[in-house]
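Trainee: Residues per chain are reported as follows:
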Amino acid sequence: MMKLAKKDILGIADMSVDEINLILETAESFLEISMRDIKKVPTLRGKSIINLFYEASTRTRTSFEIAGKRLSADTINISASTSSTVKGETLIDTARNLEAMNPDIIVLRHSAAGAPHMLASLVKQSIINAGDGAHEHPSQALLDMMTIREKKGKIAGLKVALVGDILHSRVARSNIYGLSKMGAEVVVAGPATMLPRDIEKMGVAAFTKIEDAIADADVVMMLRIQLERQKQNIFPSLREYAQHYCLTRKNIKLARPDAIVMHPGPMNRGVEISPDIADDPGISVILDQVNNGVAVRMALLYLLSGGNE
Amino acid sequence: MTKQKTAKVVLDSEGIDRGLTRIAYEILEKNKGMEHLVLVGIRTGGVYLAGRLQKNISAIEGREVPLGILDVTLYRDDIATSNKKPPLGKTQIPFDLTDKIVVLVDDVLFTGRTIRAAMDALIDFGRPRMIQLAVLIDRGHRELPIRADYVGKNLPSSLWEAVSVNLMEKNGKDEVLIEEGS
Amino acid sequence: MNLLLKGARVIDPASKIDSIEDVLVEDGKIADCGPSVKAPPDITVLDLTGLIITPGLIDMHVHLREPGLEYKETIASGCQAAVAGGFTSIACMPNTSPVNDNRSITEFIRRKAAEANLANVYPVGAISMHSEGKQLTEFWDLKEAGIVALSDDGNPVMDAALMRRALEYACSLDLPVIQHCEDKNLSTGGLMNEGYWATVLGLPGIPAIAEDVMVARDILMAEYTKTRVHIAHVSTAGAVRLIRDAKKRGINVTGETAPHYFTLTDESLQNYDTHYKVSPPLRGEADVAAIKEGLADGTLDAIACDHAPHGRTDKEVEFEYAANGISGLETSLGLSLNLVHEGVLTWPQLIAAMSCHPARILNLSKGSLACGADADITVIDPELPWTIDTKAFHSRGKNSPFSGRLVKGRAVLTIVGGKIQYDGRKQR
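Chains as they are written, first to last, in the working numbering: chain A, 1 to 309; chain B, 310 to 491; chain C, 492 to 919.
The following block holds chain A by itself, in its conformation from the complex (with noise of 0.2 Å):
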């Protein structure tokens, strides 16, 4: 028997090499499910997932609904509205009325980061973290990680490289440990205002230059640059950006023939990436990433549930 020692998944800095492995072989055994005519099992019948989200997302809120609905969950997707200045509900009450409603699992996405730690500490129900604030990301890691395996075969002793506004990203953080746990030797690029820091001491190599970041690399991941980071003076402008630090059919060669493009989505073609880049099956896996990322979210609902034994 395999279980999870843990209550939630809360971030990739506190997970195990083995806890990392069971959770991308149990998603490796569910991506079947999703390509079978009848999409679902029984598995979690009776179950009540909520995912809370904060922070408008598409993707991840969608992923984590389909993997609970694929495993027979009931999924409730509540948006609430976060604001310091509006005097709402706090998020203590809210998830204590939650907890009151008696879910299995409670998804959370928040723009604090810390705030899933803190509701995890506050309910009995398992909390996943589906991004918080700059902090993590971790089932966009554990896809990420997921992809790679299927596409390389492997994590220890790849390059990976990524590339973009690494201060802001929580995919960054939760990648960078996740990849550094499993052998892999992790670099970042990106503008000096976008490298938080004393990141070196996270166990990365950091650059200015994507060339620098790049070469060599068995796997490039560019990361979504916000546009709201311009008024921050963060970066001059999207057309300098771009100039600059958007993965092109020009500086790919400098990576490894056979590296493969990742991007957690959603995109900015033309800024970050290219879209001859993004659009080439033979090097861009962003699709992959997404497929993966459903069976990696059933995977943390399956091994997540069953409770308080």
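Worth double-checking, as some hints may not be accurate.
[To be verified] Listed next, the in silico BS3-like pairs over lysine-lysine satisfying Cα-Cα at most 30 Å (straight line):
1) A:K39 / B:K399
2) A:K69 / A:K6
3) A:K6 / B:K393
Simulated from the structure, these hints should not be mistaken for laboratory data.
With chain A's structure known, arrange chains B and C on it following the hints.
Mentor: This is chains B and C only, laid out in the frame that chain A set:
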């Protein structure tokens, strides 16, 4: 506490072979050949036995009978309430089951709950004409109204005893043991 | 009530006394102090052998929340916390609601403090109206009403021209200007110290330079205008260095720090516990070392706890939305005594930083046990081990990251104007 367990061999390598050979003939006889016939082994022991049955049937008929693998974990009736999960194996049924005669293969038939789960799973893959059940050992103690169509050996046992099937493919040895449970 | 305190070690840095002496209190004043003071008839004699007598402790940076935010603290509850923590005098910051930017608020605070009749309360007035950094308040009027210093507290004066005018105008009234040094352009949006832990936690950082830049600016201002400035709650190594260099060059700058800045680092935030959220934020190990060094060499003059009581609802929220601050009056001495236990400070150094130095900065005739001085006295049991328990706080603010921490030494007797306002000797 060390307790001396007494393990008794109830079926040896030859016995297993004989049983499987007989079952292969019985399957062909009952279904009048291998038209529409597919084998589905239940993870894990049933997969190896189904593989051997496939060989036996192919040897008799000169054609290969399709073979699928089924992991019933997701259909178990105790899975949602337990937070200890068995390792989840891949299910591989690379063919449509509609209108097929499916012979489910497992090593030991005990409470019948695994077979119930397996039948539910199969129906999610299509609408078979018929589902039959082949097991190496039937040890009794059914908790559901299920019975095997093909049995290698009936083995009356007490609830306290454990029946284990060792196979070359996983344990390096063919034998069926019965021992006192702890 | 007249008292004779016998047998304790008297530490009075202002008079350079550190020996076993008796202290006679008559009519609210120190009447005599010496190796063996004869007890007048009909006097209460307290045998304090094994304890330490110091001038009443002074915390020059406290938030009392009244008027306006009484659910966090009132002047009365804050004063109870003060005397329970060994403080006989406190200076309260103007960021109440409304802001203490006019005579009537100052008078209200003084009236409430007199009604509470526990500790001496010295209001700090706002530099600008509503602490908005635009229009100066009426310093003269505020001084007449009873303020002892000026500060816009958590809304530091970003406008350098306004700061210059404030320093000049305040100096002519001999009012110290206290600046919370934080360049808001550098810190906006930040939630914790910028560095490795902010990177790991994904929280926006507040760089140390946000503090350093402002400290440097204000030192230059004080130098140019020949005025003086007091730097509140110093948290960075850079600020310590700037103040040290400025003092060497004879610039009139003083500085304070708070116990959490020499006790905790930003690593404490790794579970997103909002009790560790303070402004300025907890910094790194090098900063903690520099703060201790600054206290030891006199660069930092005072220890003030920045007592910032909050209600549960202010802290039981997402880290991003949680209020800054620690309810500190009742833990300040216990935590600061660690500096003595660790050998960072001597007893007289610590007591100076918590009594005569803040008195000097605020121009208070306090912080001394000389004959004729106000009988503000703190009696400390230096060896008493105790566990910090927020539930036992007298303050309404139970927000402390130190709950459960074992410390050694606490105030057991707090005498204000000759009157015993807190007696914790039973706990011994």
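Trainee: Run through the hints listed earlier and report the numbers of any the structure violates, in increasing order.
Mentor: No numbers; nothing is violated.
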